[in-house]
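S.K.: Top to bottom, those sequences are chains A and B.
Position 261 of the first sequence, counting from 1, maps to 260 under numbering that gives the first Met the number 0, and the rest follow consecutively.
Position 160 of the second sequence, counting from 1, maps to 159 under numbering that gives the first Met the number 0, and the rest follow consecutively.
Here are the computed distance ranges between Cβ atoms for each label pair:
no., chain 1, residue 1, chain 2, residue 2, range
1, A, Ile-9, B, Ser-84, 19 to 29 Å
2, A, Lys-24, B, Pro-34, 52 to 62 Å
3, B, Ile-418, A, Ala-27, 42 to 52 Å
Read the hints as simulated data drawn from the structure, not as lab findings.
Beta carbons are placed, not taken as given, at the ideal position from N, Cα and C, and that holds for glycine.
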Amino acid sequence: MSPLTFKLNIIPEFTLDVSPLTPDKLLAKSQTQIKKINLRYGKQKISVDKLFSISGDNPENIKFLGSTEKLICIGQNMSRGNIDVQGNAGNFIGQYMQGGNINVQGNAGSWVGNSMTNGRIHINGNVDDYLGAGLPGDPYGMSDGLIYVSGNAGDRVGDRMRRGIIIICGMAGDYCGSRMIAGTIIVLDKAGKYSGFGMKRGTIILAKKPRHISATFKSCGNLKVQFLRLLFKQLSEMEQRLTLFREYGPEAHRFTGDLASNGKGEILILQTIKTG
Amino acid sequence: MLIKLSGGTVYDPVHGINGEQRDIYIRDGHITRKPSANVKISKIYDLRGKIVMAGAIDIHTHIGGGKVNIARIMLPEDHRNDPVSKTSLTRSGCGHAAPSTLTTGYRYAEMGYTACFEPAMLPINARQAHMEMGDIPIIDKGAYALLGNDDFFLRMLASHKDQEAISDYVGWIINATQAMGIKVVNPGGISAFKFNQRKLNLDETNVYYDVTPREILITLARAVRELGIPHPLHVHGCNLGVPGNMQTTLDTINAVEGMPLHLTHIQFHSYGTEGDRKFSSGAAQISEAVNANPNISIDVGQIMFGQTVTASGDTMLQYAGHWYAHPNKWVVMDIECDAGCGVVPFKYSDKKFVHSLQWAIGLELFLQINDPWRIFLTTDHPNGAPFISYPHLIRLLMDRTFRNDMLSTINKKAASASILGSLDREYSLYEIAIMTRAAPARSLGLKNRGHLGAGSAADITVYNDVKNRETMFTKPAYVFKDGELVAKNGKIVKVTNGSIHTLRPEYDKTIERSLREYFDRYQTVKLDNFRINDEELLSHGYDRINIQPCA
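Please model the entire structure based on the sequences and the hints provided.
M.R.: Next comes the structure, spelled out in structure tokens:
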């Protein structure tokens with residue numbers, strides 16, 4: 000069985016909400032039924048067959064070809080299966096996601112993994128603001144799962160995040176891990192200002208020393224943080240590209256904070272393993 | 000322009016018309032007598048087989064004022080789950096528990112309601128409340144000013160000012176805030192909460208002012224009577240939601256010594272302490288007391304299962320209830336010298352004993368209070384349930400089989416603790432017409448609303464006669480507001496503004512001297528800016544001001 004493929008035939012001018020095209024919702028549908036699904040395109044509702052050409056038959060694996068940043072809400076509420084996006088993706092990818100995998104080959108917009116409760120999201124490009132956060136007014140953001148970003152991330156990564164892991168291979172913007180309730184954020188390049196602003200608990204792991212650390216974080220000096228070994232080992236099993244355990248050891252500079260909020264969170268600045 | 004509503008089955012309790020076929024004529028927004036034969040009729044609606052009633056009136060629904068706005072801000076997910084899109088006529092908004100102003104108006108009108116009264120307008124928030132209510136389209140609005148916990152009143156009471164001075168103050172408040180009545184919430188209790196008291200019974204004293212809720216109730220009830228305000232004092236009593244508060248409610252009924260009193264959302268005040276869970280129904284005793292005291296009127300405040308939000312001025316109770324907030328976020332705040340405000344989201348579940356019993360107690364009250372002229376249909380929107388559940392409630396009252404089916408789905412222990420299953424009463428359409436139209440209009444002193452006699456405003460709702468009363472009351476065939484067709488088959492066809500109902504009781508203007516001094520010293524606004532004049536009121540979006548007569 001080949002993956003159910005949606006090839007975008009137009010260049011969308013407005014945002015196109017593709018939240019009805021998830022493995023859960025398409026599982027029991029025939030191709031003619033899928034063609035008749037109405038999608039919100041700007042102000043209007045348009046059926047799938049006017050926008051996409053469809054091929055393949057396995058709704059457990061969905062593929063979007065020629066996707067642009069106008070496609071929003073990809074994989075919203077999905078709980079199973081895989082979605083593969085060839086091209087860029089818009090805002091709200093994997094919003095309220097409960098399980099399954101989403102792969103994006105290009106860049107993604109804001110609110111990736113917004114309030115997701117489980118599952119995995121891989122972004123091969125950059126992402127915008129509010130990665131793994133929650134919508135304004137929500138008590139918490141991402142509450143489990145894993146988000147992996149190969150490129151850079153915007154501001155407010157993991158805002159009010161409650162559980163789960165976010166890995167950013169590039170740089171993170173300002174307010175990384177702001178108001179974090181718990182969970183883990185790993186940034187392998189520089190992070191912006193005010194990392195961990197208002198965080199209550201949770202761990203922000205920075206591979207490079209940031210330009211700025213808030214005054215409400217207290218330095219605890221260099222420590223051997225043994226759980227890092229376990230974490231890195233486990234991550235390398237989940238994701239082959241992550242060979243952190245080769246570069247970074249258990250030693251890290253630990254800051255606790257945010258003392259203005261609760262003070263049980265930590266920022267760990269990793270030290271490279273000295274070889275030879 | 001003359002409109003004829005031809006051949007509908009009319010229920011008009013004010014004129015004793017119980018399901019008779021009548022023609023109704025509308026001219027210039029009012030109902031008129033049958034015109035002479037040579038007058039040209041511009042439009043005829045054929046209503047044969049349809050049911051005609053006056054437009055419904057909701058006597059107690061939180062649709063404006065600060066607390067609703069707080070609920071809106073606090074519950075974005077509630078709005079996200081119920082978006083309302085724009086049509087060529089109506090504007091966009093959002094719905095469910097704390098709907099946007101526009102959606103409130105549309106949904107009430109679509110359900111056949113033509114007048115709604117906001118029960119808790121804090122005098123200091125009156126301007127905001129009127130602005131919000133002015134935005135609500137189609138329906139008529141009105142509000143009760145909230146007194147009984149404000150510093151000025153309690154000072155007067157503590158220094159033993161005579162009744163006349165207090166009545167003048169109440170009269171001044173009604174005039175200054177353009178209110179339609181007086182409400183008291185947890186008399187003295189909101190103020191006591193500020194002085195660290197966490198409960199206040201009817202005869203307990205407020206530690207700071209040394210006054211009891213009983214004194215406050217009696218003084219305000221007297222003031223309302225002396226000023227000739229048609230609607231009796233609207234009382235949200237002490238100990239709301241506390242098991243065993245039934246006794247407090249009975250004491251409150253006895254306390255007023257025959258003066259008229261409206262006890263609001265009485266379901267929350269009818270709890271006993273029997274049984275294993277120390278929580279039982281006091282509906283039988285309360286109903287007996289209401290039946291025996293013709294000076295008492297009530298509205299029920301029925302709860303319905305599902306997510307909602309409780310918004311109340313009663314900080315004492317809201318603080319006590321915040322442990323049960325669902326989702327877990329809440330606000331309890333102080334509002335200047337006036338009172339307070341608490342907003343706690345709440346989810347009533349039919350699996351839980353307490354919630355199930357609350358549901359049954361509300362229905363027991365409906366079915367055991369005999370006089371429909373003194374009991375009004377409310378869910379205390381949004382505290383018990385959003386107002387969109389009214390049709391479901393009507394079906395529960397009118398259809399015993401349906402009610403018993405629902406009873407079998409709730410918590411088993413609660414169902415067996417309640418006598419609901421043994422109550423056979425079914426409301427008739429005539430009784431529903433009384434409790435949702437005629438009685439509220441009479442209680443509020445609205446002379447030209449709530450009936451279909453000549454001279455009345457042409458607020459008319461026409462229903463399809465469907466066996467399932469829920470469908471029938473959800474989507475009326477036609478809704479006329481001031482003679483204009485505003486909704487057809489449950490869809491808005493014309494958007495109007497609606498008017499405001501107010502009162503102008505007479506009082507002694509010299510009270511302003513001491514008030515001015517007080518305002519200069521303690522309040523955040525000057526006295527002259529506090530007052531809302533007619534010109535300003537109209538600028539907030541009301542079509543016109545209906546001044547209702549005082550006795």
